[in-house]
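From the two separate chains plus the hints, produce the assembled complex.
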Amino acid sequence: MTVDLPIPSAVSPLAETPAASCGSCTLHNAANLKRLGLHVDGCDAVVALAGNPNTGKSTVFNALTGLRQHVGNWPGTTVSRAEGGFSLGGSAYKVVDLPGTYSLLSNSRDEDVARDFLLFGDPDVTVVVVDATRLERNLNLVLQVLQVTGRVVVALNLMDEARRHGIEVDVRHLSRELGVPVVPMAARRGEGVPELLGRIADMTSGETRVRPRRQQALAPVVARAVDELAGQLSAEFPGLANARWVALRLLEGDAGTERAVRDGSLGDLARQQTARIAS
Amino acid sequence: MSSDTVLGTAERLRATLPKDFGDGVVSSIYQDADRITRHSVSTHGEQGRPALDQVLDRALTHRVWGFVVMGALFFGVFWFTITGAAVPSDLLYDLLVANGHAWVRDGFTAVGAPWWVTGLVVDGMYLGTAWVIAVMLPPMAIFFPLFTLLEDFGYLPRVAFNLDRLYARAGAHGKQALTMMMGFGCNAAGVTATRIIDSPRERLIAIITNNFSICNGRWPTLILMSTVFVGALAPPGVAGLVAAGTVVTVAVLGIVTTLVVSWFLSRTVLRGETSVYSLELPPYRPPQVMRTIYTSLIDRTLKVLVRAVVMAAPAGAVIWLLSNVTVGDSSLAAHAVSALDASGWLLGLNGIVLLAYVVAIPANEIIIPTILMLTLTLGPVVAPGASAGVMLDVPDATAGAVLIGAGGWTLLTAVNLMLFSMLHNPCSTTMLTIWRETRSVKWTATATFLPLGLACLVTASTAAVWRAFS
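As they're listed, the protein sequences go chains D and E.
Residue 195 is where the first sequence starts when you use the numbering used here, and the numbers rise one by one after that.
Residue 86 is where the second sequence starts when you use the numbering used here, and the numbers rise one by one after that.
Looking at chain E on its own, in the form it has when it is part of the complex (with noise of 0.2 Å):
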């Protein structure tokens, strides 16, 4: 006897058997489950669920009200995040950039390293690391643990219950709504989340337009533009209410991307059925606040300031050089920029730009501090992107004062940048796990290339267009 004898029997005793003898074998369990619970459950006091989530539960998924409080609840966590980093970003600008770096270098000259070695890691390693915490780490650590206290006390599903109507319409699976979420903190995870989707088809939608969750390594990058940039714009008793407003809208023109996107896909390349599913709205549970404090900062913003470090050093290092090794008569940099100008020009961004996120392709999170250094060595050489928009004027010194002062940039620099942040392609790591997940080359370059293209379109049409009409 063999294994296919075995395989044999069980084809021939299939063939005896009802279609839908499964079904049986289901219930069966069913009525089972039931009966065991019957005779070891008993409920006192109000049957059910506690009035108050009922209660809750009507408000966060009510039909119109569901997504006003969603809105506010937002807003709230991003006005929280800008108002409260503002003081502490100024004091680890000034003793890790301003201070600390001359010190460093001091230090370094002091002990007779030769002039390439202070270069390398003092003006190259140490100030893009000093960049990255100095830029990224106060709003990190006061985004992430609210962040985490929503979830903790079961919002999001109530998030995803919300959208689900939205994602059915544009022909895609409602659990999307839920890797969207896992995108807002890493897009990696939210690429592995997609897994709770069965349908392939539906799968790959979720898989290409993860990307348009803001991750953690674009936040910071918006939250700085709305505060330099837009919020400047407003008196400043509102200042921190409109960059928060800034960082929503953003975030919303995200989600409204990944429906518009979901929705073409599956009219074009991915037709089919919308699956059908049921999704569990979990209890409410009182966040333990300290307990979720903790472990968000240790494991949230403590890993993503470790990735973003970790990059930051190598990649500060790689723009020393680029500033330092001259070609003919100028820096490698210099002649990036100057080749890279044009195109950032009609993106209605710069060269500056442009290089950045090419350096910055392991990860977002260093976008800002290789723009400021790039910006910072090699001056006003970047005049396209400034002559057309309006100049702005922000006292304060730090990154602002940088951009706007010694990189010419404008109110349209900063909402293209927003715009092309929002859209770009994927980071490396995301991309890695698209291909570990899909196996295949043709969807990682699809979901690379897509959102590439989808960035340079958007951002060139609004330079476009904003050049028109001022």
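Pulled out of the complex, with its shape left as it was, chain D reads as follows (with noise of 0.2 Å):
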């Protein structure tokens, strides 16, 4: 792929036709952007956005919408899921803002729609939304995503913040570590947003290869019971992509788990999946 810089024309600046080769260029992709505000139907993709509370998820969702999705400087702004879309690159994206949430293991209510949404939804891309000043509490929440789901860009926000209090994050290090894209992002001044829109597209056209990290050291006995548990649960329902994850859930007894398992919404899910990797 040979992508050329772009060299100032003295003659018309202006009126250039963009040349073949622009179209790779995420810079060029993100001017033909268009915000479809809430005009969502019949998308090709759909993006959800998680992360912990107050990190600007809804600021990040309002640079890709075009939407004015209220926006507080406090946790517990959005506490229940907001849609907008965005189409580029010829495909329609429908994105979805879901309430800040710690961790995928409590139980309050607005929690719930995150984790429901992340398993149950299937998103094709999850833009884990972190703080890059609270690096350490926020991977608690992308580590617990990578294990629903590996079809994940992290976008390493706030970093105006970061900068301002002296903090510098090795993003290649940590793209390397998680197994997954990071984009280092401000996004209440756009920084960062045409990156972040060119790693969605990769991902959701399959470009991307993610090893996301997903060893957890367990106690012995607790691996054993996962690794017959997640057995039986990919026997039962094949091409289920996240088997330990869920085999996890069970074995804590989670009453939402359950009854997926038990409504045949789990089953769904596993043909959604095997689909996916068919297609």
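Since the hints were derived computationally from the structure, they do not count as laboratory data.
Nothing false has been slipped in among the hints.
Over the 10 Å line for every Cβ pair with chain D, so calculated as not near, a few chain E residues:
hint	residue
1	L145
2	V149
3	G156
4	V162
5	A171
6	R190
7	V202
8	P321
9	L326
10	V354
11	V395
12	A398
13	P399
14	A424
15	L542
16	A553
Below, a list of computed lysine to aspartate or glutamate pairs in the DMTMM-like style, where the Cα atoms sit at most 25 Å apart:
hint	chain 1	residue 1	chain 2	residue 2
17	E	K104	D	E452
18	E	K104	D	D306
19	E	K104	D	D421
20	E	K104	D	E422
21	D	K228	D	E389
22	E	K388	D	E277
23	D	K228	D	E385
24	E	K388	E	E522
25	E	K104	D	D448
26	E	K104	E	D89
27	D	K228	D	D396
28	E	K527	E	E358
29	D	K228	E	D384
30	E	K104	D	E446
31	E	K104	E	D283
32	E	K388	E	D175
From the structure, some residues in chain D lie toward chain E, with a derived Cβ separation under 7 Å:
hint	residue
33	N248
34	H367
35	L368
36	A413
37	E430
38	V455
Glycine residues also receive a C-beta, built at the ideal position from the N, C-alpha and C atoms.
Below is the structure:
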């Protein structure tokens, strides 16, 4: 792939038709971004926005969709999920802004919304928005999301604040550790939005190879139980992409997951995931 | 094999595991996160939060100074709103109500519209809408951007932090302070926001008491009453300050009521333990002033105004019909008002106010316009409320002149209207939201009638005490 650097032309700097190679450049694509607001019927891909409270999910959502979801500087501004859309490179994307959550393991109602959607909504791409100034606590959620789905892009938001606080993040290292793309951003100023769009597009088209970090040091007795149950789940629901995570939830006696096994929604999920791999 | 086998296996295996194995799973994730962070983050310069943030937090969440700053900030916001809104309010009144009404009326007469069309459309719908815009637009256009700037800066969670101790003592959840702050914008939004509270008991307390946060629709009522009736008692130089102080006092009374009712509920029907939780104080962020002003004008001011106008036009039509359809020797409105006058007097209000509250159940925003229109149509038939208390004299025209001149309002009417406005039942949108969130007729009814009962009790006692001493 060759990307020509745009050379400013003295003759007609504005009336140039873009060269063919521009099509593969994220910045060019971002310029072609069409914010669809609420018109999201018949989308090609679903993008979920997850993250801890007050990391700027709604700001990222607004930057992508052109909507003006209320943004507040406090945790808990979004308690139900908001939807919007954008179109990029000929594909229409639906964006779902989920309520902020510290973990996928707890039980409050706003956090349920996020967890259920990530598991059963089976989004094509999950963007986890993290606060660069509080990386450790935010990574707890990222690691949990990675157990549910590997199609994750980490939006390392609030980089402007991190800089102000003298915090530096090694983005490449972080990306290697997590096994998924990491995009540094300052969504309030629009920094990193084109790059994020590019990563979302690459992830949807299957161009990005992910190796989501999943190994988890479990006590031997727990690991054995998870292995056995996950094996049985995979036999029962062929194609289920996150059998080990579901197994762990069942071992913990999580009522929502038990219900999903019983009423067949887990079976639907497995079939959907199989179809995605086949296509 | 079936799903039951899977669940059976899960149960069998669970029995082989230690009870707290979940803790091990969680702590292994934490260790992982810690390790990755140590390897990818480097901090230079001073560690952690900047010095300014720490100084600000020490001042804004101080046991004593926190409350002083809180009072001063809200006082400043209202003072700015009241002084700033006076001039544009008068201009809008002149343009839309005094002159605009006559022009539109002339236009209708010129094209030969029948009298009842002119009445319904011009004297009903147009006038109702014009009053709403003249009374509400200026204060809202100043108040909402200021409030949003405070929110954007990160101040509101500090308020929640300050109030947390009080909520814990009232047996309520600390996060209720956050949902209460949301209620200051809109009670329906505040009720939805209670989803952040995990315990059903504490969530119900938060839902029932959210009504005592003065919402968008009620700020203008308070601001108008404070300006016209209380501010006018003070020398002109400090009238704005006194009026702002009055609004803050009523808002603080609302918070006190929230605490008292929460305490009462948690000691009676909703008994239980107070949950422990952690509240994260977000960093202070320099507000993006122009952006905030723009979005709060579009999102809040315009949205509330549109809602008010949408409600005001049909309400105006209803008021016109009530005033012009006659049964026997007087209009429906006159019948209703004279029927309600006795209870109105008991509450230190009058029949017109009570009728207005019935008409305005869909939206609190249209209370003042409804009262104004009814007072103008029915004139000074409302005597009882006027006999007690001090008569006030305000020279300028507009709302104050109508209420005092034609309605015979006194300081007592104004004070009780403010108290009633702060306490009374939620608007129909909020009621619907409460039902949707609780799915319970019982709790929706409680959340509706408990405030209404409290409003009647408080205003009736105030009126009785007032009359005893004057």
